[in-house]
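J.: Sequence:
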Amino acid sequence: MPLVRVSAFGLSPETKKQVASQMHDVMMNNTKAPAEAVWVMFEDVPPENWMICNSMLSEKHPREIFGRE
Numbered sequence: 001m002p003l004v005r006v007s008a009f010g011l012s013p014e015t016k017k018q019v020a021s022q023m024h025d026v027m028m029n030n031t032k033a034p035a036e037a038v039w040v041m042f043e044d045v046p047p048e049n050w051m052i053c054n055s056m057l058s059e060k061h062p063r064e065i066f067g068r069e
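Residue numbers (our numbering): 1 to 69.
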């Protein structure tokens, strides 16, 4: 049984459904697993539990960390 785990924060239910559908398709295209055996699981991690580039996401927006708009 392929299990895809996605750790993220702030994703809407609609976004999760879209991501899960696309991840399911990737697994179906790259494994011989039957469709019902492919699972996608989301783990919502609060921003205060993420650190990127020595910055806590609870203190900065990702755009500030990566310098993108």
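Everything labelled a hint here was simulated from the structure, so no lab data went into it. Watch out, some of these pointers could steer you wrong.
[Stated by the list, open to error] Quick list of in silico lysine-lysine cross-link-like pairs, DSSO-like style, CA-CA up to 27 Å: (1) 16 x 60; (2) 17 x 32; (3) 32 x 16.
None of the values given here were measured: they were computed from a predicted structure.
J.: None of the hints should be skipped; say for each whether it holds.
T.: Comparing the hints with the structure gives:
1. 16 x 60: 23 Å, holds
2. 17 x 32: 22 Å, holds
3. 32 x 16: 24 Å, holds
The structure agrees with every numbered hint stated previously.
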